[in-house]
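Asks: In the order they appear, the protein sequences are chains A and B.
For what it's worth, our numbering labels the leading residue of the first sequence as 1, then goes sequentially.
For what it's worth, our numbering labels the leading residue of the second sequence as 155, then goes sequentially.
Treat the hints with care, since some could be wrong.
What the hints assert, rightly or not - Think about it this way: if two alpha-carbon atoms lie no more than 20 angstroms apart in a straight line, the pair counts; the simulated EDC-like pairs of lysine to aspartate or glutamate are:
hint : chain 1 : residue 1 : chain 2 : residue 2
1    : A       : Lys70     : A       : Glu114
2    : B       : Lys278    : B       : Glu304
3    : B       : Lys275    : A       : Glu92
4    : B       : Lys240    : B       : Glu188
5    : A       : Lys124    : B       : Asp258
6    : A       : Lys70     : A       : Asp106
7    : A       : Lys65     : B       : Glu188
8    : B       : Lys275    : B       : Asp258
9    : A       : Lys124    : B       : Glu305
10   : B       : Lys275    : B       : Glu220
11   : B       : Lys278    : A       : Glu136
12   : B       : Lys224    : B       : Glu246
13   : B       : Lys278    : B       : Glu188
14   : A       : Lys70     : A       : Asp104
15   : A       : Lys65     : A       : Asp106
16   : B       : Lys224    : A       : Glu150
17   : B       : Lys275    : A       : Glu136
18   : B       : Lys278    : A       : Glu92
19   : A       : Lys124    : A       : Asp106
20   : B       : Lys219    : A       : Glu34
21   : A       : Lys121    : B       : Glu290
22   : A       : Lys70     : B       : Glu304
23   : A       : Lys70     : B       : Glu305
24   : B       : Lys224    : B       : Glu268
25   : B       : Lys240    : A       : Glu34
To be verified - According to the in silico footprint, chain B covers these stretches of chain A (three or more CB under 8 angstroms from chain B):
hint : region
26   : 8-19
27   : 39-49
28   : 77-87
29   : 112-120
30   : 137-148
Hints listed in this document are in silico derivations from the structure and should not be mistaken for laboratory results.
Built from N, CA and C at the ideal position, the CB exists for glycine as well.
2 protein chains.
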Amino acid sequence: MSISNFSINGTSINSTLYQGNSRQFNFLVDEPQELGGQDLAANPVEYLLAGYAGCLNVVINLVAKELDIKLYDIQININGNIEASKFLGQSEAGRAGFQSLDVDIDFVTNATQERINFLLKNVKQRCPVNDNLRNETPIQYQVTTSPYNEEVYA
Amino acid sequence: MSISNFSINGTSINSTLYQGNSRQFNFLVDEPQELGGQDLAANPVEYLLAGYAGCLNVVINLVAKELDIKLYDIQININGNIEASKFLGQSEAGRAGFQSLDVDIDFVTNATQERINFLLKNVKQRCPVNDNLRNETPIQYQVTTSPYNEEVYA
Chain A
1 MSISNFSING TSINSTLYQG NSRQFNFLVD EPQELGGQDL AANPVEYLLA
51 GYAGCLNVVI NLVAKELDIK LYDIQINING NIEASKFLGQ SEAGRAGFQS
101 LDVDIDFVTN ATQERINFLL KNVKQRCPVN DNLRNETPIQ YQVTTSPYNE
151 EVYA
Chain B
155 MSISNFSING TSINSTLYQG NSRQFNFLVD EPQELGGQDL AANPVEYLLA
205 GYAGCLNVVI NLVAKELDIK LYDIQINING NIEASKFLGQ SEAGRAGFQS
255 LDVDIDFVTN ATQERINFLL KNVKQRCPVN DNLRNETPIQ YQVTTSPYNE
305 EVYA
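Model the full assembly from the supplied sequences, consistent with the hints where possible.
Replies: Now the structure itself:
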């Protein structure tokens, strides 16, 4: 058993801008102007897609090495649609997040399509972000409040 | 209806390093040395957590404004555990991704706990990343291969 703990800790800078840290890495997350932000950084779901693409890259390379499949180049593109009216509170219909995701992977390889299909099957089972997107994940919320004190926050 | 499309497009730089772009924003995703990388950037699941925290920030502020709840400070911390043996191919048991996630939110506010609970209930329903993590998301995979040509890739 090798449990790994991952975390982000951060603060709301303004109504769309969040600044957080994971280990030594600093994150800024904002929204484009159409969604009320200043576009100072990529938006939340773009971070989600970046993590997913990065995760596929790691697991593709790991499994390819195990299967002795040589990959000379790997392009990974992901896209999806969000019905913003749910998120913006203009509609209660549908879901808030991506309705579905399209993952396009282009390999330069001499491996057969059958071997590539076997690679992909294993990648789908072992990629952490793929798991958390395709399947339900339990989430516990803990909320604490402290009263506003004008002397401290002035 | 206001459908928004989001995407990332990028390339595998090496077995753990992915470089991608969403609009004008550039992403580098790597792994720490314990997971086979060079730790040049945050890892895939840290990007996922950053996107989630950033998304909570946006929706908390949006809903608070609608409810006329004044929030003087918001801290958002998220953490979770991954059983790395599944991802590394050492075990087929359990799931590859986060088993669960703990979201800790600290507000400085004079709103009552009841109002804050109502805020959180709405945020959970309207936060896109929260939706994609808590619930199943369909994913379509399209894989293409091109043969390796020594003259092109030399």
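Asks: For every hint, state whether the structure bears it out.
Replies: Results of checking the hints against the structure:
Restraint check for A:Lys70 and A:Glu114: satisfied, since their Cα atoms lie roughly 14 angstroms apart, inside the 20 angstroms limit. Proximity of B:Lys278 to B:Glu304 is assessed by CA-CA distance (about 52 angstroms); at most 20 angstroms being required, the pair is judged violated. Distance restraint check for B:Lys275 and A:Glu92: the Cα-Cα separation of roughly 14 angstroms lies within the 20 angstroms cut-off, and the hinted pair is therefore satisfied. With a CA separation close to 15 angstroms, the supplied pair B:Lys240 and B:Glu188 stays within the 20 angstroms bound.
As the CA atoms of A:Lys124 and B:Asp258 are separated by approximately 30 angstroms, the hinted pair breaks the 20 angstroms bound. Of the pairs offered as hints, the one joining A:Lys70 and A:Asp106 holds, with about 14 angstroms between alpha carbons and a cut-off of 20 angstroms not exceeded. At roughly 18 angstroms between alpha-carbon atoms, A:Lys65 and B:Glu188 fall within 20 angstroms of each other, so this suggested pair holds. Of the pairs offered as hints, the one joining B:Lys275 and B:Asp258 holds, with about 14 angstroms between alpha carbons and a cut-off of 20 angstroms not exceeded.
The straight-line distance between the Cα atoms of A:Lys124 and B:Glu305 is roughly 32 angstroms, outside the 20 angstroms bound, and the hint therefore fails. Of the supplied pair hints, the one linking B:Lys275 and B:Glu220 holds, its CA atoms being roughly 14 angstroms apart against a limit of 20 angstroms. Proposed proximity of B:Lys278 and A:Glu136 is supported: the alpha carbons are some 14 angstroms apart, at most 20 angstroms. Our distance criterion of 20 angstroms between C-alpha atoms is broken by B:Lys224 and B:Glu246, whose separation comes to about 48 angstroms.
At most 20 angstroms may separate the alpha-carbon atoms for a hinted pair to count; B:Lys278 and B:Glu188 exceed this at roughly 34 angstroms. Pair hint A:Lys70 plus A:Asp104 holds up; C-alpha atoms about 19 angstroms apart against a cutoff of 20 angstroms. Only pairs whose Cα atoms come within 20 angstroms are accepted, and A:Lys65 paired with A:Asp106 is accepted, the gap being roughly 17 angstroms. Our distance criterion of 20 angstroms between C-alpha atoms is met by B:Lys224 and A:Glu150, whose separation comes to about 13 angstroms.
Among the hinted pairs, B:Lys275 with A:Glu136 is consistent with the structure: their alpha-carbon atoms are about 18 angstroms apart, no more than 20 angstroms. At roughly 13 angstroms between alpha-carbon atoms, B:Lys278 and A:Glu92 fall within 20 angstroms of each other, so this suggested pair holds. Straight-line distance between C-alpha atoms of A:Lys124 and A:Asp106 comes to about 16 angstroms, which keeps the hinted pair within the 20 angstroms bound. Between the alpha carbons of B:Lys219 and A:Glu34 the distance comes to roughly 18 angstroms, so the proposed pair stays at or under 20 angstroms and holds.
At roughly 18 angstroms between alpha-carbon atoms, A:Lys121 and B:Glu290 fall within 20 angstroms of each other, so this suggested pair holds. For the given pair, A:Lys70 sits about 13 angstroms from B:Glu304 by alpha-carbon distance, which is consistent with the 20 angstroms threshold. With a CA separation close to 17 angstroms, the supplied pair A:Lys70 and B:Glu305 stays within the 20 angstroms bound. The hinted pair formed by B:Lys224 and B:Glu268 meets the criterion: a straight-line CA distance of about 14 angstroms does not exceed 20 angstroms.
This hinted pair does not check out: B:Lys240 and A:Glu34 have alpha carbons roughly 40 angstroms apart, beyond 20 angstroms. Only residues whose beta carbon comes within less than 8 angstroms of a beta carbon in chain B count, and the region 8-19 of chain A has 10; three or more means the coverage holds. Proximity of the region 39-49 of chain A to chain B, defined as three or more residues with a beta carbon under 8 angstroms from a beta carbon of that chain, is established by the 9 residues found. Only residues whose beta carbon comes within less than 8 angstroms of a beta carbon in chain B count, and the region 77-87 of chain A has 11; three or more means the coverage holds.
Counting residues of the region 112-120 of chain A whose CB falls under 8 angstroms from any CB of chain B gives 4; the rule of at least 3 is met. By the rule of at least three residues with a Cβ nearer than 8 angstroms to a Cβ of chain B, the coverage given for the region 137-148 of chain A holds, with 12 such residues.
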